[in-house]
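Listed in order, the protein sequences are those of chains A and B.
Residues in the first sequence are numbered consecutively from 15, following this note's numbering.
Residues in the second sequence are numbered consecutively from 15, following this note's numbering.
A few of these clues could be false.
Pairs count within a copy or across copies, as identical chains cannot be separated in the list.
Stated by the list, open to error - The calculated BS3-like cross-link candidates involving lysine-lysine, where the alpha carbons are at most 30 Å apart (straight line), are:
hint, residue 1, residue 2
1, K244, K205
2, K130, K176
3, K104, K85
4, K180, K103
If you're looking for bench data, these hints aren't it; they were derived computationally from the structure.
Given the structure is predicted, the values throughout are model-derived calculations rather than measurements.
Number of protein chains: 2
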Amino acid sequence: MDEEFSDAEKAGFYKAIYSRRDVRSHFTSESINDKVLTRILNAAHHAPSVGFSQPWNFILIKNQKTKNKIKKSFDIEHLRASEQIEGSKKSEYMSLKLEGILESPVNICITYDPTKFGPFVIGRTSIPETGIYSVCCAIQNMWLAARTEGVGLGWVSILSNKVLKKELELPEHIIPIAYVCLGHVTKFETKPDLERAKWLPRLKLDDVVYYEKWEQKDAPDWNIIQEYIKANLDYA
Amino acid sequence: MDEEFSDAEKAGFYKAIYSRRDVRSHFTSESINDKVLTRILNAAHHAPSVGFSQPWNFILIKNQKTKNKIKKSFDIEHLRASEQIEGSKKSEYMSLKLEGILESPVNICITYDPTKFGPFVIGRTSIPETGIYSVCCAIQNMWLAARTEGVGLGWVSILSNKVLKKELELPEHIIPIAYVCLGHVTKFETKPDLERAKWLPRLKLDDVVYYEKWEQKDAPDWNIIQEYIKANLDYA
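Work out the full structure: start from the sequences and follow the hints.
Here is the structure:
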């Protein structure tokens, strides 16, 4: 394999980055091909991990009873969250579609095992949270790979980890990091749902970049890149 | 943009996934083109985030004084970590190259701001950690984009967040998530450094996948995919 990326290879990669969506609607009942799902899982498994600890596990779920219980947990947590907002924002919130647990053919719970290859893990000695960060990198690999394969993925974060641990029989020391829904979709939206609904705007790249120090924008060493960043080219 | 990915586009994407490395050696002093660095940052900024909160900031660093202070923090934490291991493992640990702070032309600190668009963030009500998880997804996008652009990236997790906060003047509520080093390299290794050094083996995909429940391998509904997963095809 050539080390450098051709323009076509770069284009394929960036297409995944910019067309990936958090999918809650448009799931079809079409099942996911087993080879495709294997490729998606293998991409996740090839994420970076602190000290090469590979501290993730992937629990594949299609059991209807399990899905129903997770959906029930979503319903409870969703209602509870709505109590934190008032007025028109509340009804807007309640109208948003925020999960596709039952419609998607496959759900996956991604977990973190702090004991794997431990207790001494290279690079995890000063900042123990880096173990969890590795699992998140695996989730992002999975998400991008799914998009590349034409499979929608939605992360359901409105649920109780206590319920997840019970239903999936996770041991005490195993931490659930994400619960995601995968399936083919009738379409991928071109913009995130919450941007389309005008819930929040996409920030400009310039809004999130500082130079040398927090909030520093005045940076003579960086004036060329600042122009590019301010131009805020829409690659998406 | 066509919704489906062509075989060439898929190949470009998977090349990024499988050829990405955590880079500590082989950095050259060649500076990173500003357009290239902008594309890498923009890929990071287009990561998914809970409730579209985009809670990340990227602090670009090339100031030598700052780098020296971070390197000093690495040295202290690295030595401290070595005290946790004994014998041949200790000397092996000390011989590993674990950072490229001074050799790489650009360092980036990626931070999490829990107050952005808050306090009510959709999807962050039950599991507040999802804000941090979003930042990790951005880091993985950055990492893959860097690889695609021929830029090596190494995550330095052996350092003190206290030192980082002080040197970069981060406000109390801002959490540093990662400190990474970027630069062109003489080569990308085909396997992770710690695998090459036989510190730890790569797990098989089958080792990290369960069906329906924790540790469950006996799964009649999943027998076809189990065969593919057990085959452990080396896509890398």
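Which numbered hints does this structure break? 4
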